[in-house]
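Going line by line, the protein sequences match chains H and A.
For the first sequence, this note's numbering begins at 5 and goes up steadily by one.
For the second sequence, this note's numbering begins at 314 and goes up steadily by one.
Accuracy of the hints is not assured; some may be wrong.
The calculated label-pair distances, taken between Cβ atoms and stated as ranges, are [to be verified]:
1) H:K30 / A:S395: 26 to 34 Å
2) H:G266 / A:I346: 18 to 26 Å
3) H:N323 / A:I346: 28 to 36 Å
4) H:I188 / A:E349: 46 to 54 Å
5) A:E407 / H:R186: 27 to 35 Å
6) H:R186 / A:K345: 49 to 57 Å
7) A:K410 / H:S99: 32 to 40 Å
Calculated directly from the structure, the hints in this document are not laboratory data.
From the three backbone atoms N, C-alpha and C, an ideal C-beta is built for every residue, glycine too.
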Amino acid sequence: MPKRIIIAGGNIAGTIVANRLVQKLKDEVEKSDVEIVVLNNTNKHYYLPGQLLMAYGLESPEALVKDESELLDPRIKFLYGDKGTITKIDVNNHSVQTKDGVTHNYDYLVIATGVEYSWEEIPGYKEASVTPYEFDSALKMREELERFQGGTIVVNTAKLPHRCPVAPLEATLILDDYLRKRGIRDKTKIIYTYPVQGVFGRPITNKFMLRLFEERGIEVHSPFNVTQVSPGDKIIESQEGEKIKFDLLISIPPNMGAKVIGDSGIGDRRRWVPTDKFTLRMKDHSDVYVLGDATDLPVSKAGSTADFESYVVAQNIANEIKGNLGIKYYGGDVFCYIATGTDQGTYIRFSYTMNESPPPPSYVHWWGKVMYNKLYWTVTAKATV
Amino acid sequence: MKLSFLCILLNESLKAKSSNIIQRCVNLSSIKIYKELDLTSSSCAGPIGELSSVVDELNPGEAVKVILGDEATVKDIKTWISRRKLKLIQESKEGNKFVLLVGK
Numbered sequence: 005m006p007k008r009i010i011i012a013g014g015n016i017a018g019t020i021v022a023n024r025l026v027q028k029l030k031d032e033v034e035k036s037d038v039e040i041v042v043l044n045n046t047n048k049h050y051y052l053p054g055q056l057l058m059a060y061g062l063e064s065p066e067a068l069v070k071d072e073s074e075l076l077d078p079r080i081k082f083l084y085g086d087k088g089t090i091t092k093i094d095v096n097n098h099s100v101q102t103k104d105g106v107t108h109n110y111d112y113l114v115i116a117t118g119v120e121y122s123w124e125e126i127p128g129y130k131e132a133s134v135t136p137y138e139f140d141s142a143l144k145m146r147e148e149l150e151r152f153q154g155g156t157i158v159v160n161t162a163k164l165p166h167r168c169p170v171a172p173l174e175a176t177l178i179l180d181d182y183l184r185k186r187g188i189r190d191k192t193k194i195i196y197t198y199p200v201q202g203v204f205g206r207p208i209t210n211k212f213m214l215r216l217f218e219e220r221g222i223e224v225h226s227p228f229n230v231t232q233v234s235p236g237d238k239i240i241e242s243q244e245g246e247k248i249k250f251d252l253l254i255s256i257p258p259n260m261g262a263k264v265i266g267d268s269g270i271g272d273r274r275r276w277v278p279t280d281k282f283t284l285r286m287k288d289h290s291d292v293y294v295l296g297d298a299t300d301l302p303v304s305k306a307g308s309t310a311d312f313e314s315y316v317v318a319q320n321i322a323n324e325i326k327g328n329l330g331i332k333y334y335g336g337d338v339f340c341y342i343a344t345g346t347d348q349g350t351y352i353r354f355s356y357t358m359n360e361s362p363p364p365p366s367y368v369h370w371w372g373k374v375m376y377n378k379l380y381w382t383v384t385a386k387a388t389v
Numbered sequence: 314m315k316l317s318f319l320c321i322l323l324n325e326s327l328k329a330k331s332s333n334i335i336q337r338c339v340n341l342s343s344i345k346i347y348k349e350l351d352l353t354s355s356s357c358a359g360p361i362g363e364l365s366s367v368v369d370e371l372n373p374g375e376a377v378k379v380i381l382g383d384e385a386t387v388k389d390i391k392t393w394i395s396r397r398k399l400k401l402i403q404e405s406k407e408g409n410k411f412v413l414l415v416g417k
């Protein structure tokens, strides 16, 4: 019997780690000593970081979607639809069940089930807002902005942590530049609302961004923990007692781990999977690894995080199977480009032991962001570096 | 995890001299640790951002164990606890790390 590695979930984290694993275990896979299986509910792979640019008309919808089967190495067994939709993860019996009723046993499991948006936590929030976090809503946001002629736009982050932590900053700064270039910035009030004091959780970036927000005339209301939104009156309310009337609301929805994590009883109350911050093993389960947005780690839920983590997970599983490769530890590495306008950007690079040092916004970093997005399909997703 | 002791000697100010140690009797036997949050490394959400969503999930009688790496963050968290009207159940030091038990 070959050793079976199951990757629960596709998209960014699942795809990169699967491709990296097959490279590490090339000989074993070709001799059928190892089988790598990816289970995913769909064959569609969305490049989520690109949706923000699409919402401002800076990226086309077709550039953000490809078939998962085109991205995975052909030596990987890929199941999707009912055959790939996981209904239960049974870590005690080392198996997962899929919607077609099949039980898949594993020697190693990699959980890459990502996040789901829990809109229902805030009454009226989904109905009253547009968001770059969902593909269809990002297109609606583009249309609403095209029609927009002035008024109050509120950018609200519902809850921390959430996927792509810099996106609220980007959404606000691109918006400011977009409105200036359309000649309607002076007719628009932009209000940024955030659950904790400031505009971002990391002190260095927070200070850097507060200065930029001040220069751009963006109002900051924080801490602001949204409790409900009235779609009819267009009013957003906070736990702190504030009520703000808006003409357009751009939302960052509350995030939770995938439903299957809750159904399987392996997550915390927000369905994040307990994960060791260095080994990326699920706590108390040495044959289960977790990466990407699914972990409960206090690191960024970002594509780059999943990429950095994939080196650790792939290396350590390959090391356990082949031996003598050495063990890798995750150092909390994150890299995020931050768009500060429609043609300018900066970036932050940090880890558990290193703080960021964002450079002044420039076209060079915008270009870097755009290129990083373009190269995703051919370089990052295919784990060629 | 159940904490089995009823009273603890709590060093209120971890840099304080021994004469400043305050004895506080805390009923910890009924407190259940819902989750341990290692915030010694800074994250994008920041320590308060990470802690706030976990605190929202706490049930009565539960606490979150927060591990912090520096005194400035301890001070920020304590200010936030006070503003949010939460409870600082216990404060201690493990090696060079600061440990807070926070409840609702």
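Status of the hints after comparison with the structure:
1. H:K30 / A:S395: 26 to 34 Å: Violated, since K30 of chain H and S395 of chain A (Cβ atoms, about 57 Å apart) do not stay within the stated range.
2. H:G266 / A:I346: 18 to 26 Å: Check passed, 20 Å falls within 18 to 26 Å.
3. H:N323 / A:I346: 28 to 36 Å: 33 Å, holds
4. H:I188 / A:E349: 46 to 54 Å: 49 Å, holds
5. A:E407 / H:R186: 27 to 35 Å: 55 Å, violated
6. H:R186 / A:K345: 49 to 57 Å: Between R186 of chain H and K345 of chain A, where Cβ atoms are some 55 Å apart, the hint holds.
7. A:K410 / H:S99: 32 to 40 Å: 38 Å, holds
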